[in-house]
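**Q** Position chain B against the provided structure of chain A, taking the given hints into account.
Chains as they are written, first to last, in our numbering: chain A, 1 to 387; chain B, 1001 to 1270.
Treat each hint with caution, since some may be false.
[As the list claims (entries may be wrong)] Sample of chain B residues facing chain A (criterion: CB under 8 Å; computed from the structure): (1) N1037; (2) N1163; (3) T1165; (4) S1218; (5) Y1224; (6) L1233.
I should point out that these hints are in silico values taken from the structure, not numbers from a laboratory. Glycine included, each C-beta is placed from N, C-alpha and C at the ideal position.
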Amino acid sequence: MRMVFQSRWRSALVASLCVGISIAAIGGCGGSKPASNGPSSASGGSAAQGGSAAVASSTAKPATFSLAWSEYPSWSIFGVADEVGLINGKEGEMGSIEKKYNVDIKLILATYDSCITLYGNSQADAVCITNIDILGAAGSRNSVGILPTSTSAGADACIVAGINSLEELAGKPTRGLEKSVSQYCFERCLEKLSKNPADFPFSQMDPEQAALAFQGKNDGINSIMVWNPFVMQSIRSRSDSKVLFSSETIPEEIIDMVVVGKDSLSKPGGEAFAKAVVETFYLMNKRMADPKTSDETLVGIGARFAKLELDDMKTIVQQTKFFSEPTDAVRLFADERFQKETMPLVSKFCVKYGLTTTPVELSFGDGKGLMDFSSKYVSGYLDSLKK
Amino acid sequence: MIRRSIPTWLFIALAVAGVVVLLVSYELLSQRQTRINPKQTTIPSFEKLGDGVKRMFARQGSEENPKPAMFWTDMRATLWRLLFGLGVGVLASIVVGVMMGAYRWIEAPLSPIVMFLSKIPPTGMMPIYFAIAGTDQRMFTSMVALGIFFSMTQAIYQSVRDNVTDEAINKAYTLGASESEVIYEVIWKQILPNVIDCIRAQIGPAMIFLIAAEMVVSDAGLGYQIRMQSRVLNMNIVFVYLFVLGMIGVVAEYSLLWLRHRMCPWFKGA
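This is chain B alone, in the form it adopts within the complex:
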């Protein structure tokens, strides 16, 4: 029967079994490839992946002048770009989105533009970002920030229109709230969990834009290293980097869920 519950132990056992089957079939596939070409690097064995990890954390530079390992250099570059870009994009879209939802005279001129621009894939606009924003931090920031800005503004503005009832706003006015108090105490607090969910939904796209940009122009970062290592055929490093990208996504997802729960315990969302 659809949605019939199963015992917790069975659920956990099946979840573990899924992972085990995935890993075992990966190893079998790797062995099969190795039998075809003993020197293959396409599907590295777990041993080779271990070598990849070692190389990622191997010391760089000389004794007198040590540099951080490859992995840390890349992580630092990518995380900084991602967080900074997300920060700028999220702040801007909250301000614009809330204003559009609150005032018709802001909504009218902006909504068609925001709606249209949110449909253009930001990766396609990369050459324009290069031309306008150069190739440094500014470009990565505008890539990520503008990449998520339009669709997030659209979502926040929708959320203000759909989730904040006229009754709530009128009640606040009746109780003597000022305009700014209505925006903060009623609108903002009501949509906060939706905003957090919006950020959750935008982390994936933000990472796509950032990695795509790093693949084209950058001399450090996860995207740069994935392109470089795949060209020199060190797939054992590429696979570990992809795993790390997945983990960044998982960590971000749970942190935001935790944050939403912490800040809006009343919210019973998805």
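Next comes chain A alone, as it looks inside the complex:
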């Protein structure tokens, strides 16, 4: 009968598991002490690293910095920059901008929420992220927003079918990425439209899958809150669908940007990396503005953005307003509304949904906050243009 449990290795396994669990419990009490000694030695280490940053010369082998990006109009630009040779996304290979700043940029393409996890766990030096989702990550890694790339003006939308008004939507589930920019946009738009977000259930579904399910007319999926390209695809493929509301209602609240970890910035080459990213972005914007290269660049972005064609891309860049001039970026980060209204609202949202336990300390250029919005690198680029 009990022969199964008498076999030696099995009893040993059970015994070791029990012991393991009890050790884990004991370890829980003892673990705190050494951990609290960490910060002092850590700050010493990073100061030393910061000191050597200045020493790094152009002859030394360039340091590698990684940028995690997901497919989005103002981020796919980095993918196109790789294609036209401004930067080379492969580790150890250099494009023209990389050579100029003597820094090696490694591009990591992943889905949006994988990018956040990569960045938050220090597997990437920089990330393309929105001003909403970065606050969660800044709770575990001090961060600097170096470059606002675009703002959503219709690119995040609530798309419905068989629902004609906000009154009809109340009580029916909307699918989208929970605790993220999508849910923020959903709730803020409802507030602006004088509704109580609590009456509108929001439930978790991967945005790509939600769009697919909506397009496939799946039962129970009649309302989705997604971003482009899913907005455009969903509207296209279902004639009975329409945009109920979109980020047009909340102009310049959703900011797409590039964020670098403070630890990475203070590494040798970190500052050069930030400058290189900024310059790449503006050079690509010039290519988009120049009639000679404009279409070609848009097609390039489209190829890295849900394989969209030129005409679609022209619509897309209207729903996603690029901060195409350095002055736009400087203006935004200094904007009173951004500092005093938008970001505190975002911060409240993050606490409400447990992205952070306490409001993240924000700062705008002085570097004091856990999350700093700094136009230092953009200004630096502006100055270099004047010379």
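**A** Just chain B, lined up with the frame of chain A:
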């Protein structure tokens, strides 16, 4: 020398030592990460893991309207989906597998299809499940059930062909057994331990399919919470959830071994 036995006490001591070394190196790794970035959450210390456990069991909802803690909501959702999906999948594959092994005219049309479909990774078929089965319980059930159905049917059918001898079947016929009696008394009883072993082998894949589906579409469940918490960088909760997944696997394994032993004490299998 290969396979030379060692004393029991030494075996147990080494097993315990393995676990201790694992835990100590984990703690050292965590401290090293903390020295690099004091605010890191990637490799949480045991203290932080304790905080994670507290949050998992923290009360939800208001005083008047209390809701179960996060962990119980997720466990209930996942276990229900898993058990229901496994139940449907196992029953269906037993019926089809035994029939295929018993009757050539059922085997002939089905075996190439079952063989081929058992080779397609069910996670790759997820978009098809969404399109056909929606996003509710039906989708999770079909995901798990169909995910294990083809390979399990294949295994059961093989088991009927390999483990039930013609002599046993002929003997039963000679003693006057009806066709259904042969299927139940001879075939079913002979393959029962193999069926239980098949279920043991399928629990791992079933959990993979379920967790993958929950990561994509669900608002409760272990997979949902792992994706959500890893995005908001609460790795202390993610690690505990992974531990729980491991424990579910261990408990299922031992329960089935016990069941096999209970129901087929004659069986001397792996």
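**Q** Hint by hint, note whether the structure agrees.
**A** Verification of the supplied hints:
The interface hint given for N1037 of chain B is met, as the beta carbon of that residue sits about 6 Å from the closest beta carbon of chain A, less than 8 Å. Because the closest C-beta pair between N1163 of chain B and chain A is about 20 Å apart, greater than 8 Å, the hint is violated. Given the 8 Å rule on beta carbons, the hint for T1165 of chain B is violated: about 26 Å separates it from the nearest Cβ of chain A. Interface restraint check: S1218 of chain B against chain A, minimum CB-CB distance 7 Å, threshold 8 Å, status holds.
With a least beta-carbon distance of about 6 Å to chain A, the hint placing Y1224 of chain B at the interface is held under the 8 Å criterion. At a threshold of 8 Å, the smallest CB-CB gap from L1233 of chain B to chain A is about 4 Å, leaving the interface hint in force.
When each numbered hint is compared with the structure, violations occur for hints 2, 3.
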